[in-house]
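So the sequence lines, in the order shown, correspond to chains A and B. Take the first sequence: its letter number 6 is residue 9 in the numbering used here, and every next letter is one higher. Take the second sequence: its letter number 655 is residue 810 in the numbering used here, and every next letter is one higher.
Worth double-checking, as some hints may not be accurate.
List time: in silico BS3-like cross-link candidates among lysine-lysine, alpha-carbon distance up to 25 Å [to be verified]:
#, chain 1, residue 1, chain 2, residue 2
1, B, 787, B, 756
2, B, 830, A, 37
3, B, 835, A, 37
4, A, 79, A, 37
5, B, 365, B, 306
6, B, 365, B, 353
Residues on chain A that point at chain B, a partial pick, calculated with CB under 10 Å [said to hold, decoys possible]:
#, residue
7, 19
8, 20
9, 29
10, 40
11, 41
12, 44
13, 47
14, 63
15, 65
16, 90
17, 91
18, 104
19, 109
It is worth saying that the hints were derived from the structure and are not from the lab. Because the structure is a prediction, the values reported are computed rather than measured. Glycine is no exception: its CB is placed at the ideal position from the N, C-alpha and C atoms.
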Amino acid sequence: MTDRALSGYRIVILEDDYYQAQDCRQLLEAAGAKVIAISATIPDLPALLEEGRIDAVLIDINLGHGLSFDFARALKAQAIPFVFLTGYDAAMLPDDLAGSGYLTKPADAARIMAALASAAAAR
Amino acid sequence: MLGISAKAEGMADFSPQTDDSLFGAAFGALPDAVCILEPIGVPGESVTDWRYLAANPVMCELLAIEDPTGATLRDRFPHLADHWAPDFERAILGTAPEVLVREAKERPEVYEVVLCPLHYSGRRAIMARMRNITTEHQARALQREADARYKLLFDAIDEGFCVIEVQFDAENRPIDYLFIEGNDAFLDQSGLTDPIGKTMRTLQPDIEDKWVATYGRIAMTGVAERFESESQAMNRWFDVFAFPIGETAPHRLGILFEDIGKRKTMELALRHSENRLHSLIEATSDLIFRMNPEGTVMEQLGGKSLLGEATGPGDWIEEFVTPSDRVMVRDAVDTAIAAQQPIDVEHRYLRPDGSVGWLYSRAVPVFDEQRTITEWFGMSTDITNRRLAERELAHGAQMLRVASEIGKVGLWDWNVESGEIHWSDEHYRMEGYEPGEVVPSYELWAERVHPDDREIAVARLAEAMESGQDYISEYRVCHPDGEVVWLSARGRFLYDEQGKPVRMLGAMVDMTQRRREEEWQRLLVAELQHRVRNLIGMVRSVARLSAPSHRHVDEYVDHLIGRLQAMGRTQSTLTRSPGRSVDLAELVREELLVHAVQDDKCHVEGPEIALSPHAAEIVTLAIHELATNSVKYGALGDTGYIRIVWDAEQRGEKYWVILRWQETAPVRKAKQNRKGFGRKLIEERVPYELQGEGRFTVHDTGVLAVLEFPLVDAGSILDPRS
Numbered sequence: 004m005t006d007r008a009l010s011g012y013r014i015v016i017l018e019d020d021y022y023q024a025q026d027c028r029q030l031l032e033a034a035g036a037k038v039i040a041i042s043a044t045i046p047d048l049p050a051l052l053e054e055g056r057i058d059a060v061l062i063d064i065n066l067g068h069g070l071s072f073d074f075a076r077a078l079k080a081q082a083i084p085f086v087f088l089t090g091y092d093a094a095m096l097p098d099d100l101a102g103s104g105y106l107t108k109p110a111d112a113a114r115i116m117a118a119l120a121s122a123a124a125a126r
Numbered sequence: 156m157l158g159i160s161a162k163a164e165g166m167a168d169f170s171p172q173t174d175d176s177l178f179g180a181a182f183g184a185l186p187d188a189v190c191i192l193e194p195i196g197v198p199g200e201s202v203t204d205w206r207y208l209a210a211n212p213v214m215c216e217l218l219a220i221e222d223p224t225g226a227t228l229r230d231r232f233p234h235l236a237d238h239w240a241p242d243f244e245r246a247i248l249g250t251a252p253e254v255l256v257r258e259a260k261e262r263p264e265v266y267e268v269v270l271c272p273l274h275y276s277g278r279r280a281i282m283a284r285m286r287n288i289t290t291e292h293q294a295r296a297l298q299r300e301a302d303a304r305y306k307l308l309f310d311a312i313d314e315g316f317c318v319i320e321v322q323f324d325a326e327n328r329p330i331d332y333l334f335i336e337g338n339d340a341f342l343d344q345s346g347l348t349d350p351i352g353k354t355m356r357t358l359q360p361d362i363e364d365k366w367v368a369t370y371g372r373i374a375m376t377g378v379a380e381r382f383e384s385e386s387q388a389m390n391r392w393f394d395v396f397a398f399p400i401g402e403t404a405p406h407r408l409g410i411l412f413e414d415i416g417k418r419k420t421m422e423l424a425l426r427h428s429e430n431r432l433h434s435l436i437e438a439t440s441d442l443i444f445r446m447n448p449e450g451t452v453m454e455q456l457g458g459k460s461l462l463g464e465a466t467g468p469g470d471w472i473e474e475f476v477t478p479s480d481r482v483m484v485r486d487a488v489d490t491a492i493a494a495q496q497p498i499d500v501e502h503r504y505l506r507p508d509g510s511v512g513w514l515y516s517r518a519v520p521v522f523d524e525q526r527t528i529t530e531w532f533g534m535s536t537d538i539t540n541r542r543l544a545e546r547e548l549a550h551g552a553q554m555l556r557v558a559s560e561i562g563k564v565g566l567w568d569w570n571v572e573s574g575e576i577h578w579s580d581e582h583y584r585m586e587g588y589e590p591g592e593v594v595p596s597y598e599l600w601a602e603r604v605h606p607d608d609r610e611i612a613v614a615r616l617a618e619a620m621e622s623g624q625d626y627i628s629e630y631r632v633c634h635p636d637g638e639v640v641w642l643s644a645r646g647r648f649l650y651d652e653q654g655k656p657v658r659m660l661g662a663m664v665d666m667t668q669r670r671r672e673e674e675w676q677r678l679l680v681a682e683l684q685h686r687v688r689n690l691i692g693m694v695r696s697v698a699r700l701s702a703p704s705h706r707h708v709d710e711y712v713d714h715l716i717g718r719l720q721a722m723g724r725t726q727s728t729l730t731r732s733p734g735r736s737v738d739l740a741e742l743v744r745e746e747l748l749v750h751a752v753q754d755d756k757c758h759v760e761g762p763e764i765a766l767s768p769h770a771a772e773i774v775t776l777a778i779h780e781l782a783t784n785s786v787k788y789g790a791l792g793d794t795g796y797i798r799i800v801w802d803a804e805q806r807g808e809k810y811w812v813i814l815r816w817q818e819t820a821p822v823r824k825a826k827q828n829r830k831g832f833g834r835k836l837i838e839e840r841v842p843y844e845l846q847g848e849g850r851f852t853v854h855d856t857g858v859l860a861v862l863e864f865p866l867v868d869a870g871s872i873l874d875p876r877s
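Isolated chain A (complex conformation) (with noise of 0.2 Å):
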């Protein structure tokens, strides 16, 4: 793992399972991110943008009672960069955001920061 590899990143954690989010949260902030949110539910994001600029979100498919998809189309609408982080296969993703960047749980603490790095690099 490349010390602080995301050094100053701005990153928002969008997943419903406590200690898988905890447990992110710790791999990043120890990677040099600041986290700046991390939430079971979908985030109001003009909200969390008026704290900042975001530079990238780490996004799981299924948020329990619903689907992070629209969310996913809100941020590339602004184009911040997202990956989904998800137990599903990728042929789950729908056909508008088939290309985004996206990894399989249980992902290591390596793949996760690579992805979140290209993903806030290709801005």
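Chain A is already provided as a structure; the job is to place chain B on it using the hints.
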């Protein structure tokens, strides 16, 4: 008459009665009436009258007069003098006798008058001889009349008639014949042009020898013959009666004949037609029969021996019809008799070998002038094979119908050439129509296919038609009510000898349910995969998050295993519970049981509450952590007591569960300030995942934990957290 003049001029006394000279005697003895007259005046210039020089007794008798000698014509016959004068004058000037025929003016008599000029002693006279020819004249007139009638008859008869003269060569062999006479019909019927006076071989050089031979034979034998023969040279058929005329040479024959070409043609046509009719009857029926007017007695006229060796007339219904069909046949026959309509009946019959066959019998009534049925004429055909085939066909059709109904198979039969399509009832339903609601067509089918599938379905069909391979296609069909149905169709094209597709048969089944189940299964597999991956992710996170609070590996492993087991219990509870919700009381009791909490050490109380799987998982883990903690540090490790009570209350639109875990025991160990796994679970995970609240406090009397969270409906199977 002449005597008078002669007397007057010096020739007196000449009279047949008085002149006894040789000439006088001869004159007087003539059997014909004769007289001699001399002109008074100069012949050729002026003759005023004629004087009788002599008249024989026959003449006097004929004219019924006295001897006129010396008298003049005008004296005797004043009204005749002018009549005869021109004739006498012409005769006297001529040199040869002149014959005249004259009818008598007063009587119906005809006379022949011969006038001879006489020259003697420088003088001229005429001698007139008269003969009564009335009888001869009448006979000739009659003959002429008869001839005319004969000629009329001759020409009037329809048959050709001619008289020929057979010609022979030196060896007395007939070689030709000459047409002497012929009537109008002869010309018509022989087709010869202007034949009279010509020979047959002149007229028709290629005439067959048989004609000459036949006529020669008749001429020689004198025996008439009647025969029919064809002349190919003349392209005619003749019916001939030839008879000899006279017994010796010239060898003449009368020939009465008729051109029967037309009749022959008709006879031939009739024979052909009869043959054809016969063949037709033979080909279309096995048995030909006649029947009495009552339809009881039947006699076989021809055909095969369907009914055994041909027997005499008999009651066929009793004899041949099976008992089961006798009444029906009898009724059919009686009905036809009453209506005077043809009989038309199919029935079973007993074959000679004892087996039962099927017979199709038709009969038509034959009427007399009073329209009374005199008999029936009919034929029967054995239709056993047809009936068997029909029955098999009916069975097959029934089987197909039932099978397709039971199997919910839609069938189609497409006449590619005419475009006609037959759909089975099920097919209509599959396309979203009531059976028979529309007239099926290719266009109608294509129209119902889901727009997204239409191109492929149509292409598959065209491909199958082109290649001869079976058509296999799965596509969606949109019903008018909005329902979308999946159909799986298989079909096959049939081709004619030229390889042109003429027909297509096919069957299809509704795949909607199976498609749905497959889709369901696919979702389940995806879900399972998701859950397993999620679980592993969670286990990883739990393992990582559990690590910092334990300095000893053994302790860490114990804790981790305990937590994983608690998570496992939730899963098994969920799997066992088909309602996809978990009873809170049951959950609590099970956790206490796992941790060997005695009944006397705890109090559990609360209304019946169904938790969602997600909530159940968290509560299970929370109880597990609290119990583990309690065994290690609190009430359960000592003589303490635990109250676990819960209740539900309405807050806003939702019901909230409030669960309290309250220990009553002296705190044995040091207060735990660090936020342990259990405390984090209650204070952070409950708000994070259940949008509730959690408190974990350690009092002097023991631990108090309160979990409050809103109840949500039990998740569906597709709720990934369930």
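To see whether the hints hold, each was checked on the structure:
{"no.": "1", "hint": "B:787 - B:756", "verdict": "15 Å, holds"}
{"no.": "2", "hint": "B:830 - A:37", "verdict": "23 Å, holds"}
{"no.": "3", "hint": "B:835 - A:37", "verdict": "22 Å, holds"}
{"no.": "4", "hint": "A:79 - A:37", "verdict": "21 Å, holds"}
{"no.": "5", "hint": "B:365 - B:306", "verdict": "30 Å, violated"}
{"no.": "6", "hint": "B:365 - B:353", "verdict": "19 Å, holds"}
{"no.": "7", "hint": "19", "verdict": "7 Å, holds"}
{"no.": "8", "hint": "20", "verdict": "6 Å, holds"}
{"no.": "9", "hint": "29", "verdict": "8 Å, holds"}
{"no.": "10", "hint": "40", "verdict": "12 Å, violated"}
{"no.": "11", "hint": "41", "verdict": "8 Å, holds"}
{"no.": "12", "hint": "44", "verdict": "8 Å, holds"}
{"no.": "13", "hint": "47", "verdict": "15 Å, violated"}
{"no.": "14", "hint": "63", "verdict": "9 Å, holds"}
{"no.": "15", "hint": "65", "verdict": "4 Å, holds"}
{"no.": "16", "hint": "90", "verdict": "3 Å, holds"}
{"no.": "17", "hint": "91", "verdict": "5 Å, holds"}
{"no.": "18", "hint": "104", "verdict": "17 Å, violated"}
{"no.": "19", "hint": "109", "verdict": "4 Å, holds"}
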